[in-house]
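> Chains as they are written, first to last, in our numbering: chain A, 335 to 581; chain B, 2 to 449.
These are computed hints drawn from the structure, not numbers from a lab. Among the hints, a few may not be true.
As the list claims (entries may be wrong) - Quick look at which bits of chain A chain B covers, simulated, 3 or more residues with Cβ under 8 Å:
no. : region
1   : 385-397
2   : 434-443
What the hints assert, rightly or not - In silico contact screen, one side only, chain B against chain A (beta carbon under 8 Å); selected entries:
no. : residue
3   : P162
4   : S164
5   : S167
6   : F306
Predicted model, so just to flag it, every value in this text is computed and none were measured. From the three backbone atoms N, C-alpha and C, an ideal C-beta is built for every residue, glycine too.
The chain contents come next:
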Amino acid sequence: MRTVAGPLWLLLGMIAATVALSAGATSVVTCTSAGCGGDMTKLSLIGVELGQALVAILAVLVISGEYSSGMIRTTLTAMPRRTIAFAAKAITLAGVVAAAGTLAVLGSLLAGRFILPRHGFTATRGYPALSLADGPTLRATVGSILYLTLIALLSLGIAAIVRDSATTIGVVLGLLYLLPILSQVIGNPHGQRLLQQIGPMSAGLAIQATTNLHSLPLSPWAGLGVTAGWAAAALVAGGLLLRIRDA
Amino acid sequence: MTPTVTPYRSGRRAGRHGFLQLLHAEWTKFRTVRGSVIGMAAAALMVVLVALLAGASSDQKGSPPVPIGPGGEPVTDSFYFLHQPLAGNGSITVSVSALRSSIPTGPADLRPGIVPWAKAGLIIKQSTRQGSPYAAIMVTSSHGVRMQDNYVNDTAGLPGPVSAASVRWLRLDRSGDAITGHASADGTHWTKVGTVHVSGLEPTAQVGLFVASPPSAEGMGTRGSVSTAVFEDLRIQGGWDGGSWAGDQMGPESPSFAGYPKNTSGSYLGSDGSFTVTGAGDIAPAVRETLPTGGTFGDLLTGTFAALIAVIVVGALSITTEYRKNLIHVTLAASPRRSRVLVAKAIVLGFVTFVAGLAGAFVAVPLGERLARANGVYIFPVASSTELRVGLGTAALLATAAILALSVGTMFRHSAGAVTTVLAATVLPYILIANPFMPASVSDWLTR
C-alpha cells in the first residue's frame with residue numbers, strides 16, 4: 335500500500351475534503367438574536383459525509399485494484415492462506431484510515447472552533463468553543479474516526495464480494511447516501527424510522543449528535559454499532575467468497 | 002498447383018469509417034456487455050420499485066378528503082367563522098383595531114410572534130361547506146389590506162399593519178354575484194379595493210367575520226399558530242333575518258388544517274357589534290407543505306436517485322473498462338478519429354439511458370399513483386403535459402448523468418475515481434440540504 339501513489343493522494347484528498355466541507359458549512363451558518371439552533375459539534379463534523387466517499391474509494395482500490403491488474407494472483411501465491419491475506423489488508427487499511435481520519439476529524443473540529451465564534455456562536459449565547467474536554471464532543475470526535483474506519487472496512491468487504499471497482503463504488507455509495515434519501519419518501523413514520531435505524535450512514539452518524547439525543551432514531555453508540563454490524567457482515571461475506579472463489 | 006485460398010471477407014459492406022458503423026459497433030459493445038445491460042435494467046427497476054415503495058408504505062387510509070375549490074384545485078379552507086345568513090343583496094362594515102398572533106415554541110409555551118399571512122376581516126361565502134366559493138376583504142399581519150376570492154385571486158389594498166393607533170375599516174357589498182370591497186383608515190373616507198364576480202353564488206349566503214392563522218414554517222415542517230382580532234362597529238344592511246351570530250370552526254377535520262396549538266381553541270367574545278375572535282387555519286390553495294396527506298409526482302420519482310447511481314456506474318464503466326482491458330487500442334485502431342468514437346459512445350449511452358429512464362418513469366408513475374391513492378394519499382393533480390414533461394425530464398436527467406460519467410471517466414481513465422466524483426457531485430448536495438441547520442440561502446444555492 336505504501337508504494338502505490340494513489341492511496342496517499344486519496345488520503346490527503348480525504349483530509350482536505352473533510353476539513354473543507356466542515357469549514358465551509360460552519361462559515362455559512364449565522365447565529366442571530368432570533369435563534370441559533372443546532373448542534374455545533376455535528377455541524378463541524380459534517381465534512382465526514384464527504385470524506386467517507388474518498389475513504390470508500392481507497393478501500394475499494396485496495397482490493398479491486400489487485401483484481402483488475404491481476405496482482406491478486408501474485409498476492410495469493412505469496413500468501414496462500416487467503417483469509418489471512420484478507421485480514422492483513424483489512425488491518426492495514428483500518429490503521430491507515432484511522433490515522434488519516436483522526437487528522438481529518440480534528441482538523442474539522444479545529445476549523446469549527448475558530449470559525450463558529452466569529453458567527454455569533456459565543457459562550458455568552460450558550461455556545462462555548464468546541465473542546466475535546468467536553469464529553470459529548472469527545473464522543474462525537476472519537477466516534478467519527480471510528481465511523482470512517484468502519485466505512486473503509488465495509489467498502490473493503492463489498493469490494494471483495496463484487497470485485498469490480500466501479501460497481502463496488504456504486505453499491506457502497508448507494509448504500510450510504512441513498513437510504514437517507516429513500517427514507518424521506520416512506521409515508522409511514524415507523525418505516526421511515528426503521529430505515530434510518532438500519533442505514534449505515536444515518537445510523538452511524540448518530541454518533542456525532544451532541545444535543546437533542548432523545549429525538550434521534552437510535553442512541554449514538556447503538557448507531558455506530560449498526561454501522562459496525564454492516565462492516566462485519568461485509569467483511570465476513572467478502573472473506574468467505576475470497577476463500578471459496580477462484581481468483 | 003496450390004489451390005487459391007480466398008481470404009475471408011466479412012459480408013458487411015465496406016466503409017468502416019462511416020459514423021453509422023461506428024454507432025453500430027458501440028451499440029454492439031454496449032449490448033453484449035452483461036454488466037451494462039444489467040445496470041440499465043436496474044436503473045429502470047429502481048425507479049419503479051421506489052415508486053411502489055412510496056405508494057405502498059404510505060398510510061393515510063381513513064383520512065378526511067381534501068377540500069376542492071371552485072376551480073377543481075385542492076384548497077385549504079379552515080378558519081374561525083362568525084356568521085349569519087344574508088338573503089339577496091346587502092352590505093357589512095366593521096373596523097379592526099388589533100390582530101395578534103401566537104406561535105408555539107415548546108410543548109406548553111406559546112409566544113407572541115408574527116404570522117405574515119394571518120388574516121382577519123369580512124367574508125361572503127356560499128355555505129359553510131369546505132371549498133365553497135367566497136369573496137373576502139381582510140387585514141393581514143404583514144401584507145396590509147387584501148381582497149381575495151375563490152382561493153386563488155388576490156388584490157392589495159391599504160398597506161401597513163393594523164393597531165389601535167392605525168385602525169382599518171372594511172366593507173363588503175353584495176349586488177347579485179358582484180362583490181365589492183372597500184377599505185378606509187378612518188371610517189369616512191373609503192377607497193375601493195376591488196369588485197369580483199363570484200359565479201354560482203346563490204341568493205342566500207353566509208356572511209360575517211373570520212380569523213385565519215396559517216401554520217408557520219419551521220425548517221422542513223410547519224407549526225400551527227393562532228391569531229386573535231378585535232372587531233368593532235359591526236354594521237349590517239340588507240336582507241338580514243335579524244338572527245344572532247353563530248361561531249363555527251370551518252374544516253376542523255380537514256387534512257390541510259394543522260390544528261390549534263395546545264390549550265387554545267377557536268372562540269368569540271362580545272356582542273352588539275364588538276367582537277374578539279380567535280381562529281386558526283387558512284383560506285388558500287393547498288400546497289405540499291401544508292397537506293400532510295398529499296403527494297406529488299416528484300415524490301413518486303425519488304427512485305431517480307437510485308437510478309442515477311446505476312447509470313453513472315454504467316456510464317463511467319463504458320469507457321474505463323476499455324482502458325483497463327486495453328480494448329481502447331483496438332477501438333482506436335479500428336476508428337482512428339478519437340472524438341468520433343467518444344461521440345458515438347455518448348450517443349449510444351445517452352439513448353439507451355434515456356429509453357430506460359423513460360420506461361422506468363412511465364411505468365413507475367401510474368403504478369405508484371394508484372397504490373398511493375388506494376392508501377388515501379391525495380396526489381396533486383397535474384396536466385398531462387406536465388406529466389409528460391416530468392417523465393421526459395427524468396429520462397433526460399439520467400441520460401445527461403450517464404454522459405457526464407462517461408466524460409469524467411474519459412478524463413480520469415479510472416472507474417472508481419470517476420464514479421465517486423460524479424456521484425458525490427450529484428447526490429451530496431441533496432444530503433447536505435436535508436441537514437436541518439443549513440441556512441436557506443446556502444440550500445438554495447446548492448439546489449440551483
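> Look at each hint and say if it fits the structure.
The hints, checked one at a time:
For the region 385-397 of chain A, the stated coverage by chain B holds: 6 residues have a C-beta nearer than 8 Å to a C-beta of that chain, and at least 3 were required. Under the rule that three or more residues need a Cβ within less than 8 Å of chain B, the assignment of the region 434-443 of chain A is violated, with 0 such residues. With a cut of 8 Å, the hint placing P162(B) at the interface with chain A is violated, because the nearest CB-to-CB distance is about 19 Å. With a least beta-carbon distance of about 22 Å to chain A, the hint placing S164(B) at the interface is violated under the 8 Å criterion.
Interface hint status for S167(B): violated, as the beta-carbon distance to the closest one in chain A is roughly 25 Å, over 8 Å. Proximity of F306(B) to chain A holds as hinted, the smallest CB-CB distance being about 5 Å (cut-off 8 Å).
In the structure shown, a violation is registered for the earlier hints numbered 2, 3, 4, 5, in ascending order.
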